[in-house]
Amino acid sequence: MAGLTGRFSTVVKAKISKLLDRAEDPSETLEYSYQKQMELLQNVKKGLADVVTAKKRLQLQSQKLEQQVVKLDTQARQALAAGNEELARTALERKSAVQNELQGLDTQVAELEGQQQSMIDNQAKLQAKIEAFRSKKEVIKAQYSAAEAQVRIGEAATGVGEEMADVGLAMQRALDKTENMRARAQAVDELEKAGAFEDLTQLGGGEDDIDRQLKELSSGSQVDSELEKMKAELAGGGKSAGELGSGDAPATGEGQSA
Amino acid sequence: MIVRIATEGQYRLADDAVARVNALDNEAVAAVEAGDEARFTDLFGQILALIRDEGAPLPEDELHGSDVIVPPPDTSFEEARHEFTGDGLIPD
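Those protein sequences? They're chains A and B, same order as listed.
Convert by adding 4 to the 1-based position in the first sequence; the result is the number in the numbering used here.
Convert by adding 6 to the 1-based position in the second sequence; the result is the number in the numbering used here.
Mixed in with the good hints, there may be bad ones.
Claimed, not checked - With a straight-line Cα cutoff of 20 Å, these simulated SDA-like cross-link-like pairs (lysine to any residue) come out:
(1) Lys50/A - Asn184/A
(2) Lys129/A - His88/B
(3) Lys17/A - Met7/B
(4) Lys19/A - Ile8/B
(5) Lys129/A - Val24/B
(6) Lys19/A - His88/B
(7) Lys17/A - Val24/B
(8) Lys17/A - Ala40/B
(9) Lys145/A - Ala36/B
(10) Lys129/A - Pro78/B
It should be emphasised that the hints constitute simulated quantities derived from the structure, not laboratory data.
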């Protein structure tokens, strides 16, 4: 077979024969594969610890971003209620960007969970193959002449060798991915710490004072709402509910922005 | 034939299905060479689906070397490209 698969097969098979060459006699493959399995087991343990740590960190970031979404949503409503549609739009744009980031994090957490499970599965599969090799070896030795047994054990050893190489590959890819996610989580942490996160999520430039404006607005509208409340109290209870309702209606602009 | 999807497992696959895998694989290579990522992703997905749908998973206690080894299901377009420029998926 040519193509990508052909090329990949050739590379993997070369790797396997190199792996098996380390055992001088095919029957030594058992010992070697046990040793290899122990190494893999250590890698799985380390890998699982890494996965759990990376997952926790991403989940923590996820929570922070969720709080940010709520905050931006509130700010947008406040801006809108104060009649500043431009500012409300900017807040909603930011909210949408944060939501995108949040979705990315959720995908990664799910991916890490998948990694964790496949590490465990792979380890179990290798163990099953080693056990099969152990029993098969005894059967072959009992049934065949020494020369014939050597050949058949060699064939079985290739099967175990391929499994070892494959589990090794799976483990390496899982660890690489975890490493990438850790680096990404760290990058997001650093951005947040440096205060650059606001810039990252906003779509337009030169809006550094938006938070300040929103703060002014929110304190401004607090005054307004208190005034409204007072007005309502003076005029009688029913009216304030109607005004709150009209304030909610323009929030459909959120749908346009997302 | 025995086909392994790397990092996933081994399947026993009929010869005519292997021939179809081969044809798809050649198209996938053409897509990689043309820099067409969407086409590569589609074709590689078809290769994996074909093996999983038509192949019979090899029992865990069977020991065979594979006739064909397909790259891991999560192989990226970038990795597929490197596979042809010498810097393969498997480091030494």
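Here's how the hints hold up against the structure:
1. Taking the CA atoms of Lys50/A and Asn184/A, the gap is near 16 Å; set against the 20 Å cutoff, the hint holds.
2. Of the pairs offered as hints, the one joining Lys129/A and His88/B is violated, with about 29 Å between alpha carbons and a cut-off of 20 Å exceeded.
3. Note on Lys17/A and Met7/B: the hinted pairing holds, with a Cα-Cα distance of about 16 Å set against a maximum of 20 Å.
4. Taking the CA atoms of Lys19/A and Ile8/B, the gap is about 18 Å. The hint holds against a cut of 20 Å.
5. For the hint linking Lys129/A to Val24/B, the alpha-carbon distance of about 25 Å lies beyond 20 Å, and the restraint is violated.
6. Only pairs whose Cα atoms come within 20 Å are accepted, and Lys19/A paired with His88/B is accepted, the gap being roughly 17 Å.
7. In summary, the hint linking Lys17/A to Val24/B is supported, as the alpha carbons are separated by about 19 Å, within the 20 Å threshold.
8. Under the criterion of a C-alpha separation no larger than 20 Å, the hint pairing Lys17/A with Ala40/B is inconsistent with the structure, at around 28 Å.
9. In summary, the hint linking Lys145/A to Ala36/B is not supported, as the alpha carbons are separated by about 48 Å, beyond the 20 Å threshold.
10. Only pairs whose Cα atoms come within 20 Å are accepted, and Lys129/A paired with Pro78/B is accepted, the gap being roughly 16 Å.
Taken one by one, the earlier hints fail for this structure at numbers 2, 5, 8 and 9, listed in ascending order.
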